[in-house]
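Residues per chain are reported as follows:
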Amino acid sequence: MKIKIIIPTERIQNPIIAESMVKTGVLLNIMVANIDSTYGELIADVEDGHFNRIKEALEERGAFVSTLDQPIHRDEEECVECGACISVCPMKVYTFDEKWNLFMDDKKCIRCGMCIKMCPHQALKLGD
Amino acid sequence: MVEKSVQEINNKIKDGSVNVVTAEEMVGIVEELGVEGATREVDVVTTGTFGAMCSSGLMFNLGHSEPPIKIQKVWLNDVEAYSGLAAVDAYLGAAQISDTRGIEYGGAHVIEDLLRGKEINVHATSYGTDCYPRKVLDTTLTLEDLNEAILLNPRNAYQKYAAATNSSKRILHTYMGELLPKFGNVTYSGAGVLSPLSNDPDYDTIGLGTRIFMGGAQGYVIGNGTQHSPTNGFGTLMLKGDLKEMSSDYVRAASFTGYGSTLYMGIGIPIPVLNEKIAKATAVTDTDIITEILDYGAGSRDKPVIRKVNYSELRSGTVDIYEKKTPTSSMSSFKNARKIANELKEWVKHGKFFISTPAERLSKTDVVKPMKQTHAIPLVKDVMSDFFVTIEGKHTVREAAKKIWENSFNHLAVVSDSGELLGIVTAWDVSKAVAENIFDSVDSIMTKKVLTCTPNEPVDLAARRLDTNGVSAMPVIDSERHVVGIITSDNISKLLARRY
Ligand code: SF4
Ligand code: SF4
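If you read the protein sequences in the order shown, they are chains A and B.
For the first sequence, counting from 1, position 81 maps to 81 in the numbering used here; every step adds exactly one.
For the second sequence, counting from 1, position 309 maps to 1309 in the numbering used here; every step adds exactly one.
One chain only, chain A, in its complex shape (with noise of 0.2 Å):
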């Protein structure tokens, strides 16, 4: 599953992830870092079973966690295929099939909006 872990200012000199996952053993797949000296937010893949623990120790230490649980919604609807939001995508998450229909693979979504500013019908939402 993704996570999204953000370092507040007073805890970014530490070495939050590493002391965590060496704590834990638990490996954090990082997917997108924005750190520079005074805030961190990261987001990273770990496998379902090891996140409460991984979770646990980042918070012990005063990182906030939360899942990305809710990928991009696409209302069917309003959309028309055109595959505009697939070069902006930074996962790839879409794809046309062989047919030009558009295919999502929405568990790769990181959240991060590209999309939905250029779907020109409107048809993106991040939802929470």
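The set of hints was computed from the structure by calculation and includes no laboratory data.
Just so it is clear, CB atoms sit at the ideal spot from N, CA and C, and this is done for glycine as well.
There could be a bad hint or two in this list.
To be verified - Negatives, chain A to chain B, calculated, CB over 10 Å:
hint, residue
1, M21
2, I30
3, A33
4, I35
5, Y39
6, E41
7, E59
8, F96
Said to hold, decoys possible - Subject to a maximum C-alpha distance of 25 Å in a straight line, what follows is the list of computed BS3-like cross-link-like pairs (lysine-lysine):
hint, chain 1, residue 1, chain 2, residue 2
9, B, K1325, A, K117
10, A, K99, B, K1169
11, A, K117, B, K1303
12, A, K125, B, K1118
13, A, K108, B, K1325
14, B, K1335, A, K117
15, B, K1169, A, K117
16, A, K125, B, K1335
17, B, K1324, A, K92
18, B, K1169, B, K1349
19, A, K108, B, K1324
20, A, K117, B, K1182
21, A, K4, A, K107
22, A, K92, B, K1335
To be verified - Listed next, the stretches of chain B that the computed footprint assigns to chain A, with coverage defined by at least 3 CB atoms under 8 Å from CB atoms of chain A:
hint, segment
23, 1169–1180
24, 1185–1198
25, 1329–1342
Here the structure of chain A is known, so what remains is to put chain B with the ligands in place on it, guided by the hints.
Using the frame of chain A, we list chain B with the ligands on its own:
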């Protein structure tokens, strides 16, 4: 030589013996039977396209009110339509945006809402005459209540279209969608193998009066479209059709982020296979249709060509740009284009649609002229201030403070010994440094990433850059990076005040 007439084909449609294929199917048929065999075998080739067609709109008649009004201005759901025609006729452009909701709702959305049977609020104003005394009118109506509701689209069904990419460092919001920085993607439009005009590039059968599939109903070509440019393969069509008969499957409003509203139209055109030349033309493939990838990063009319490309490459999902595989996005829907070509095929097959002979051919020689501009466009050098204050990077914050104070000027251009621009220091940077007790050299507190412009750049481009970056001033530099002036939002507002 095989020759057929439109009359013969229509007789076959009537008796059900007509042979119709789509332009996609025709490729294989010509390959298999040869041009002559295919001409003998196939009577009609259907094409289709479904994409953004901004130059579309609705001509409508509201009927007369009691007391009557000669409408001078009219709004439909707060989207203004043009009503400088008689009393209750008006034209609503698909790209006109709502006065209250902006680009998320435009003329195209009103058209789709009408088509879906929704109620539309009409507000109209006038000056009042003896025969039309009323000055204000408000009513709510649906598509059914209009006397006529004719889609009259000045430029539809582009033969092909240039693809778009972006060399600049920021995301561009364009009518070709979101263009990612540094050639991050390529967007394109057009149905390639199914494109109507690409299947009849000499306009042998498509002309004024050609009956077509338009938005799910039967419509007509009423001439070449505006900006028709046949000499380089960018022909366009002007179309007309009755909105009341159309389907919302094929007439869809859209809104492009940061750009505006547009109408997605579904168009299909049947091409009668009258001779071998026409048969050969309808065997065109994606690989045969060549367009260009243009760089939208420049912001001027003449966009630099990055490379030539064919539709087969565009539709493969990636194209090479400077040796890098770059993902592509189609802005038009090939699936719907195919659906339209197939639906039109069924219509012809089942005797619901007859082929027409154009009353007049489309021009094959027109060229599109750029706008004649009689007023010189203002350049940065015409409005910039020559007065600006520089400071050398090695000078101290204290000296900077003194300069700002003496000249009562908010921005200092920080330059090197040889006068090249290094950065900018503002009064705010200086106060912040003072507050934090930093009294080092100016170059340690200046902003290094400075937006700049050049003296010969149009003011509108500089203004747009200030706007999108939310800054109030930019140094103007020459080719050696020497500061020659400064342009501020103040300079620009003064210019605009003169222009309007
Ligand atoms: S951009 Fe929007 S309309 Fe086009 S395929 Fe993607 S979701 Fe559908
Ligand atoms: S939100 Fe981002 S990751 Fe998810 S589908 Fe859209 S572009 Fe792809």
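Comparing the hints with the structure gives:
no. : hint              : in the structure
1   : M21               : holds, 32 Å
2   : I30               : holds, 22 Å
3   : A33               : holds, 19 Å
4   : I35               : holds, 21 Å
5   : Y39               : holds, 20 Å
6   : E41               : holds, 19 Å
7   : E59               : holds, 34 Å
8   : F96               : violated, 8 Å
9   : K1325/B / K117/A  : holds, 23 Å
10  : K99/A / K1169/B   : violated, 35 Å
11  : K117/A / K1303/B  : holds, 24 Å
12  : K125/A / K1118/B  : holds, 24 Å
13  : K108/A / K1325/B  : holds, 21 Å
14  : K1335/B / K117/A  : holds, 22 Å
15  : K1169/B / K117/A  : holds, 18 Å
16  : K125/A / K1335/B  : holds, 22 Å
17  : K1324/B / K92/A   : holds, 17 Å
18  : K1169/B / K1349/B : violated, 52 Å
19  : K108/A / K1324/B  : holds, 24 Å
20  : K117/A / K1182/B  : holds, 18 Å
21  : K4/A / K107/A     : holds, 14 Å
22  : K92/A / K1335/B   : holds, 20 Å
23  : 1169–1180         : holds (count 4)
24  : 1185–1198         : holds (count 3)
25  : 1329–1342         : holds (count 9)
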